[in-house]
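Engineer: Go by the hints and put chains B, C and D onto chain A.
Protein chains: 4
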Amino acid sequence: MSFNTFGQMFRFTTFGESHGPAIGCVVDGCPPRIPLTAADIQHHLDKRRPGQSRFTTQRQEPDAVKIMSGVFRDEATGQDVTTGTPILLLIENVDQRSKDYSDIKDKYRPGHAGYVYDAKYGVHDYRGGGRASARETASRVAAGAVARRIVPGLSVRAALVQMGPHKIDRSRFDWNEVDNNPFFCPDPVQAEFYATYLDSVRKEGSSVGAVIEVVAEGVPAGIGAPVYGKLDADLAAALMSINAVKAVEIGDGFATAAMRGEENADEMRIGNDNKPVFLSNHAGGILGGIATGQPVVARFAVKPTSSILTPRQTVDRYGRDTEILTKGRHDPCVGIRAVPVAEAMVACVIADHYLRHRGQVGEGRAWPFPMPGA
Amino acid sequence: MSFNTFGQMFRFTTFGESHGPAIGCVVDGCPPRIPLTAADIQHHLDKRRPGQSRFTTQRQEPDAVKIMSGVFRDEATGQDVTTGTPILLLIENVDQRSKDYSDIKDKYRPGHAGYVYDAKYGVHDYRGGGRASARETASRVAAGAVARRIVPGLSVRAALVQMGPHKIDRSRFDWNEVDNNPFFCPDPVQAEFYATYLDSVRKEGSSVGAVIEVVAEGVPAGIGAPVYGKLDADLAAALMSINAVKAVEIGDGFATAAMRGEENADEMRIGNDNKPVFLSNHAGGILGGIATGQPVVARFAVKPTSSILTPRQTVDRYGRDTEILTKGRHDPCVGIRAVPVAEAMVACVIADHYLRHRGQVGEGRAWPFPMPGA
Amino acid sequence: MSFNTFGQMFRFTTFGESHGPAIGCVVDGCPPRIPLTAADIQHHLDKRRPGQSRFTTQRQEPDAVKIMSGVFRDEATGQDVTTGTPILLLIENVDQRSKDYSDIKDKYRPGHAGYVYDAKYGVHDYRGGGRASARETASRVAAGAVARRIVPGLSVRAALVQMGPHKIDRSRFDWNEVDNNPFFCPDPVQAEFYATYLDSVRKEGSSVGAVIEVVAEGVPAGIGAPVYGKLDADLAAALMSINAVKAVEIGDGFATAAMRGEENADEMRIGNDNKPVFLSNHAGGILGGIATGQPVVARFAVKPTSSILTPRQTVDRYGRDTEILTKGRHDPCVGIRAVPVAEAMVACVIADHYLRHRGQVGEGRAWPFPMPGA
Amino acid sequence: MSFNTFGQMFRFTTFGESHGPAIGCVVDGCPPRIPLTAADIQHHLDKRRPGQSRFTTQRQEPDAVKIMSGVFRDEATGQDVTTGTPILLLIENVDQRSKDYSDIKDKYRPGHAGYVYDAKYGVHDYRGGGRASARETASRVAAGAVARRIVPGLSVRAALVQMGPHKIDRSRFDWNEVDNNPFFCPDPVQAEFYATYLDSVRKEGSSVGAVIEVVAEGVPAGIGAPVYGKLDADLAAALMSINAVKAVEIGDGFATAAMRGEENADEMRIGNDNKPVFLSNHAGGILGGIATGQPVVARFAVKPTSSILTPRQTVDRYGRDTEILTKGRHDPCVGIRAVPVAEAMVACVIADHYLRHRGQVGEGRAWPFPMPGA
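Chains as they are written, first to last, in the numbering used here: chain A, 1 to 374; chain B, 1 to 374; chain C, 1 to 374; chain D, 1 to 374.
So that you can see chain A by itself, here it is in the shape it has in the complex (with noise of 0.2 Å):
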């Protein structure tokens, strides 16, 4: 991907600092004639805004999108829909505290972008961390509400699977669970825990990582392409391009490492529908590059906040050593917000994938194919 601009046939390019006057993204390459309104934007903006709990930084932005270009009404149907030209979505900044940040002006912050941003453009955006700002990823919420509306079928979700060194328990994994609580949790129980643990970390000034799961199903076989364009390679890319993302595995991920081949290779039998069904998931419903039809699984983790209360040796942009403690207002565990925009950047992906396979093979071929001489 190029600079500030994201896939290929379904293209978004986002734009904007954490104290700029607004943030937003022009998407490109939509399909035409998809109803679309600002409200089912907002809808995925509104879980990924921040100051909703304690959990979460208390910057007060409604992140009240508006879309600029790219919609029209239809006259039959009275419906806005994508004209298939840009779409521009606006949002603007309204809680900026720049002088929060004037006493670090100079001043790099350990595990954040300041000094290789300083180092490659000789240019230290210091309020709020500029361009490199987790508030970026409202951008890609706004791309993403439109990209889940081009995959006929589609569904992608995402939960927070571990905070800090706990995990949840699998056995109670309920996607009906993950909006009942500020983490987006799918395992009740743990949630309760989260809140209390989190508190702490809180309390203490200081932050912790987390682990983030995210299943699309709805995937049609088929889509992905050989080598450089491999749907697990472009979704690789897209969770790692999310600010304080580490690590992505796909299907079992690092787990395949210590497994024999008759474990992790998934047997096919012939289903009800005349389809393949696959009896097992270990590869994550990608194989070669390429969607099997299964649920695709992909899983992230998140370090913990780098901006936290507890004092920091580091150095200025004038070349001295100094200390740093970060004041402003930030997010205990930045993984919780990274739930939504990890759904968004899965939905981009898939479209853009959807796009470019149509376009290269079309309708395509009915499977199974008729036995020569048949």
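Hints are supplied without guarantee of correctness; some may be wrong.
[As the list claims (entries may be wrong)] Okay, the calculated beta carbon distance ranges per label pair: (1) D:PRO188 - C:ASN272: 51 to 59 Å; (2) C:THR37 - A:LYS99: 21 to 29 Å; (3) D:GLU192 - C:ASN272: 50 to 58 Å; (4) C:THR37 - A:TRP175: 45 to 53 Å; (5) A:ALA76 - C:PHE193: 44 to 52 Å.
Honestly, the hints are just simulated from the structure, not real lab data.
Don't be surprised by glycine CBs; every beta carbon is placed ideally from N, CA and C.
Structural biologist: Same frame as chain A, now just chains B, C and D:
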């Protein structure tokens, strides 16, 4: 990345199937006047070449590379140098035995890409996996050999750090041992164990997974780019695109999920040469998608080879239940030969980002910066 | 180029429709630390702005641009500079009169994109041409204003050299006259004639075409690239992508067809500063797709405005024969306002190639070269 | 387009130099299951092949193409079909005579790319122009032969319509005559004149330019895209990227500058099959960058061959004034062999846009549309 092309400024496109007449790649965007001979590339191909020990496939391929374009004799030095135009690297296949596959030509091998290619394209090149074969990775190694010559002072090394459930002992990690055993293992004690272990796996007609670690030193601070062209996002895609890879992590990777902010974020001090020094490298050399100047560290998991001698349930392309047992010639641990492939992919990503950075920023600004008014 | 994004290293994506709330662009890949204010951009937009004379559309758009991201105050100089991250340039539409179009909302205007957009997308934004409106070119001018600041010493100027069948007199060509008349005409005598001529065209409810010439000086020798990234190929695409353009030529263009080899090929001599001097510039500053260091010269034809007051035969989107007469507010010679647009596009192409060249080649090799053995 | 790769969905990357061991291309993104044999491609290469008459270079190259990957025998039909993966097309060079160039190895040929390649790369492949040779166009013809098979019902034909100052007589235009003379001239009377004329040009050691016209029929209405991926913008780039091309026009092209709106805009009526019929085709089949369904018509100018037997002033790469006289073997009118090359490039652009359109829009909406409320 698009289809079979990797990279933006430093680009390569691979072609060829396991049992076709040849494989190879076209490298494009390479800077001019870089000395390059076939021997420079052959050196790296020889590391990946099959049939060198009983622990890899017994297919005998010399993997002899020919440079068919893009170099020219420099009259002043007598050296062959790159011209800046496309470099075709051609490797002929010589030891195809397609009839090994005739028994299974209509069946899908579990864990392989046979079914998904057929679902996508309606074509089933059963001969050794066709385009989906790991044989394609020879082309990557060839491209990587060119990439290694682009960034001054860059070193990229990889090693196998886990086979099956057996990790190396980190206290014995020695890069010099990597070429002393057939596993690219940096722990000589564990390497001996791996020989016995893999023999038993092989004799059981089974296979096993592995974890590989790649370390790039000499990566200039500042290369990489926000926010969808992140260095780690591109590394994740590059490594995930290697056959059989199911997981990728950067720096402390999945372990960061369990960490506190004060453990994870790398503190900084001013070093002797007035450059910043990091006091640790949990980040694996990348923050905000941009290189910090520390070693770039990545790890990835390779699943166990799916072609095994144990009978497995599967279906054929005509919609019938059946069984399969893959004879052919296969690696009992395909992760071993992923080691030189990983080095190549990481070298390509870094070369590409080096050129992209030079394009946007040029010489850049010398760090540290003068104090305003000073 | 993909959809609504132009360029590879220096990139911009435009959005917005003629009668939507706003138009604009996101510029990405811009080098950092380039001083940039809204006034720098406004200066160029004001040249293209409609309603400035009776010879252009009477729509009153201030085309006031706002920089919404990608610049930051440099503390040392007090200047706003680019940060190297996306620059959102937003221009609000203020003088939409969509009801002008309500009579013709189901009809296709001959010569316009209405039918083909509908054939492609199944959506008909009849309000002033929607996305296909020449209003989009304001975004190009904004992007071009940024591009102009990238290549040191670059100057890009354009002029109208033919209106209808009436060419300028080349012996009177004077760049200083271009801003002295409402036609960007470098021949002051012909400019007076054009005023009378265009008045009569306008009063007849008709329109007329034009030819524009663009000259870029200070283009570094060596930028451009074989063989599909040629500088002239990208210029041709960039100019052809401007609304209503039907032809592009470089240097002597179509006239070269009638030439002999000895007339056309530009001879060379060594100049005073030891650099090569060309004795003519039939090539228009480009050979083999790469800049020679001479002025880059391009010309293009703009067809007559298709919206005219004369009734025309057409069809509607429901498959019925009908007639159309376009009231609205239109340019009698849309070629006039193509002049600043052409400058912008040429500046963007050159900036993009400058960065692409710097990426691949870096500082390059000082010409002439030392003789081997000398 | 990037460097040596053309296209987005239907892509090809060419490689090779005039006097290297081989040239060719890798075609990627081709839809699967398209019947394809070397003979299908050879047919088109044979039209471009040199040495077939006294009017083209006497270099004897069989241009025998080999398909090295990307096709597979379909068991059901016995046909070789594309697999959807990369197709390597390899053409060996057999009649290099590099010593023809040894006299001029340090000199730049006026009108050639020698100087600019050297200024860019610091490398001078003097052997027949190296990568800048028109020999590269054989690779384009090979790729084009694949492209032609993608869009159902597409026909792409080209003809030479002007040699030197001598245009054909349009009233005698007959596509059936094109293959009856060595000039691809559709006017048999003018073809006879060209034989005499070009003989005299050749004997004088000179060369001459030409104009070629390309017509694509069966281009589906709706392919193409706003606003930087316009069909005509991509055609302009594709044709301008052919060696020696200096101008491109679509439809009435430069002539539109002199037209009135009522002359130029093509009126529409409903035809017999309820599809729109245009009453003229001044637009050349493209409006707003999107195909109208009419024939796509383009014309381009090819400059006279720069390698001539007349001595010319030039410089060498060591900064010295000198003279040059190019012996070698050259086309007196390189425009002739541009005819099959142009067909190939136009076929590639249309195939690419066809797939891009199918990706974004799929089946689309049947025109005309139902009336709301009807």
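Engineer: Give a verdict on every hint.
Structural biologist: Results for each hint:
1. D:PRO188 - C:ASN272: 51 to 59 Å: At roughly 55 Å between Cβ atoms, ASN272 of chain C and PRO188 of chain D fall inside 51 to 59 Å, so the hint holds.
2. C:THR37 - A:LYS99: 21 to 29 Å: Because 24 Å falls inside the window, the suggested range holds.
3. D:GLU192 - C:ASN272: 50 to 58 Å: 52 Å, holds
4. C:THR37 - A:TRP175: 45 to 53 Å: 51 Å, holds
5. A:ALA76 - C:PHE193: 44 to 52 Å: 51 Å, holds
Hint violations for this structure: none, all hints satisfied.
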